[in-house]
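Novice: These protein sequences, in sequence, are chains Y and F. Taken in order, the first sequence gives residues 545 to 643; the numbers are from our numbering. Taken in order, the second sequence gives residues 45 to 279; the numbers are from our numbering.
Careful, some of the hints might be misleading.
[What the hints assert, rightly or not] Within a straight-line C-alpha distance of at most 25 Å, the following computed BS3-like cross-link-like pairs (lysine-lysine) qualify:
#, chain 1, residue 1, chain 2, residue 2
1, F, K141, F, K168
2, Y, K571, F, K226
3, F, K138, F, K168
4, Y, K571, F, K169
5, F, K168, Y, K571
6, F, K275, Y, K571
These are computed hints drawn from the structure, not numbers from a lab.
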Amino acid sequence: MSIVLYIAVMAGVTYLIRMLPFAFFRKKISSVFLRSFLYYIPYAVLSAMTIPAIFYSTGNFYTAAAGTMTALVLSYFRLPLIVVALAAAGAAFLTGLFV
Amino acid sequence: MEKRIKNSFLRGTADGIPIALGYLSVSFGFGIMAAGAGLSVFEAFMISLTNLTSAGQAQGVAVIAGGGTLLEMAAVQLIINIRYALMAISLSQKLDKSFTLPHRMMAAYGITDEIFAVCSTKEKKLRPSYMYGVTLISTLGWVGGTFFGAAAGEILPASVTAALGIVLYGMFMAIIIPPCRKEKSILMVVVTAAGLSILCKYLLSAVSSGFAVILCALAASLVGAALFPRKEEED
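The shape of chain Y in the complex, shown without the other chains (with noise of 0.2 Å):
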């Protein structure tokens, strides 16, 4: 399939997504549960996206492993995203020189 139209795909479907509440919407959602629901999405999503996809992510599973330590540990300690992200990265390129 063309390249093209995913893109197209992509985009419309995100444009539509952020423009279409901040153009019209104008009241307030009332509902406890799906509040809850939503604020929840973003977690869920991104842990879903991240395991087990960041231990494949190297093409290694050795140095993925140890950049996911590092970036677990690094987190918990709540270094800003950018340091974390590097930080694994170093980790699983060091890693890398001896396996």
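Given the structure of chain Y, go ahead and fit chain F onto it with the hints provided.
Specialist: What follows is chain F alone, placed relative to chain Y:
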């Protein structure tokens, strides 16, 4: 009047510099990932320019690489990016009256987690020019990083590009782990989603990765909303 608009644009641009620097390095990782999945530098660049989002783009590239359908692509983007609709609703409550419909339709392009965070924590009403300033500089960082990442993917040694494949996932962990420490409801949702995702990967391998993410996220969020409904004041 004209001068005031220009100033708030510049103020927005200045406030957007930290976002741009963060985007530069994260989108570098996206560029490498996209190139690794077989996309050209121009294609990766266009995805970043037209989407301006990390998780949706990363999963979108996975759908392309896996030869998924356009319906799957649309569904994946809808679920992953639905949070922007919430942010848009939240931001819509504090817009300056100069924010006319055409401005709203244009500025909506810039609703990302980070730009939302900067704009929504402003004390004053939000002006279009301020949001354009934040969005412009942030977008430059995002597409610039993507371009260099995708181009470098063809130049850098394989050991380096392989290691950089983990950058985006590292950032995702940095987003979800700290809230897990603070709220056990979030920890429960995150662990449930991860567990389901592992089950999908190894037991339901026929389910494509895009739909697996959707199913796991919906299920985990439903469980979270049922077991840990959030009261108004917690938001």
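Novice: Could you grab the alpha-carbon distance between K138(F) and K168(F) and see if it respects the 25 Å cut-off?
Specialist: 8 Å, holds
Novice: Tell me if the straight-line CA distance from K141(F) to K168(F) falls inside 25 Å.
Specialist: 12 Å, holds
Novice: If you draw a straight line from the CA of K275(F) to the CA of K571(Y), is it 25 Å or shorter?
Specialist: Given that 25 Å is the threshold and the Cα spacing comes to 18 Å, the pair holds.
Novice: Would the pair K168(F) and K571(Y) pass a check requiring their Cα atoms to be no farther apart than 25 Å?
Specialist: 20 Å, holds
Novice: Has the given pair, K571(Y) with K226(F), been kept, meaning a C-alpha gap of at most 25 Å?
Specialist: Violated: K571(Y) and K226(F) sit about 30 Å apart, past 25 Å.
Novice: For K571(Y) and K169(F), compute the direct alpha-carbon distance and say whether it is at most 25 Å.
Specialist: 17 Å, holds
Hint 2 from the list above is the single one not met by this structure.
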